[in-house]
Amino acid sequence: MTIRQTSVLAYCIAERKSRIDLPIRGVEGAPVRSIDAAALCCFASEFGTRMPDEPVPEMVKAFNQVLQRIFAQTVIIPFRFPTIVESEDVLRQFAESRSGEYARALNRLRNKVQMDIRIALISAGAPEPSRRSGKSYLEDRRRQYQKLQAMLTEFRNVSGLLAENWIQRDTPSGIYGFALLDRSSLPAFLEKIGRVLTPAGVSARITGPWPPSEFVEVADE
Amino acid sequence: MAEHTPEIILLGNEESADLTLLDLIDHVLNTGVIIRGNLVLSLAGVDLVYLGLDLIVSSVETALRHMAAPRSPERTVAGRRTKR
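Protein chains in written order, with our numbering: chain A, 15 to 235; chain B, 5 to 88.
These aren't lab readings, by the way, just hints derived from the structure by calculation.
Note that beta-carbon positions come from the ideal geometry of N, C-alpha and C, so glycine has one too.
Check before you lean on any hint, since a few could be wrong.
To be verified - Stretch-level coverage of chain B by chain A, calculated; a stretch enters the list once three of its residues show a Cβ under 8 Å from a Cβ in chain A:
1) 7-15
2) 26-32
Claimed, not checked - Restraint-style ranges between C-beta atoms, simulated for each label pair:
3) ILE38/A - THR9/B: 32 to 40 Å
4) GLU7/B - GLY114/A: 46 to 54 Å
5) LEU23/B - ARG183/A: 14 to 22 Å
6) ALA86/A - GLU7/B: 31 to 39 Å
7) GLU11/B - GLY114/A: 37 to 45 Å
8) ASN34/B - LEU152/A: 23 to 31 Å
9) SER150/A - LEU25/B: 30 to 38 Å
10) ARG183/A - GLU7/B: 40 to 48 Å
11) GLU11/B - ALA52/A: 21 to 29 Å
12) THR9/B - SER150/A: 30 to 38 Å
13) PRO45/A - HIS8/B: 20 to 28 Å
14) GLU7/B - GLU115/A: 43 to 51 Å
To be verified - Far from chain B, by Cβ distances over 12 Å, these chain A residues were calculated:
15) GLN79
16) ARG83
17) GLY114
18) SER150
19) ASN179
20) ASP184
21) SER198
22) ARG219
Isolated chain A, as found in the complex (with noise of 0.2 Å):
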């Protein structure tokens, strides 16, 4: 039986392109390359079958440095992480078998980036909820997200076209947006976002630019 020691650690795909200048070292410190595979390229590391030497934080960080190295470069969509394949050539057969999808996907999002808007609700001493009806809970829980969506309204209004397009994710701790624009309108997004004005006990954070992974629309395999 052949004993593998290692495995691949698999970043993100991109169009197959001029030189991309790569981070020296990936996750736990291990070189990153690229992967031709048909129109595509993809970016991996060797990954130790062994209990990593970094915390996962550290793995986390360093990885997010490798996508946002690239994406600097080139329009990419990032693997959900920790995806590991047994070599390069399962992530190369991978990345052939899907390669005309995942192709026009780079080219409609090229020089695209995604920013994320998180709006959330300051708690300030909300009443004891044993103390409250059921009915009384659901009106403040819909009066909460009401506030919010209106929040992400605003943003969206002051934005206009700058952005192309806008996707709402409702989660327990909020709303968030995610806004894709082009990398061109980035500044004149940042300014017009900057300057609205969110009110008392509703936080606004907005994080970017991210790989436009919420708008990557290919199929479930």
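Chain A is fixed; fit chain B onto it per the hints.
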């Protein structure tokens, strides 16, 4: 508290130091391509461990524990748990 402007954190700038682990985890663990299928890992000197890849992405800690454990009490084949 009065009205206030939103907190903006740009990646690649000095401000990105303010990016929380929560922000990162939200991105790298919750979004991205998933390869579905079987992964075959061979751990030094012991038998093969089969893991459904979508199980790995759902739990880093579990995946790492599986990788670290020379003999796991159970193994997972394509996402289905099977007792030894």
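(request) Give me the numbers of the hints this structure contradicts, sorted from smallest to largest. (result) When the structure is compared with the hints, numbers 10, 11, 13, 15, 16 and 22 turn out to be violated.
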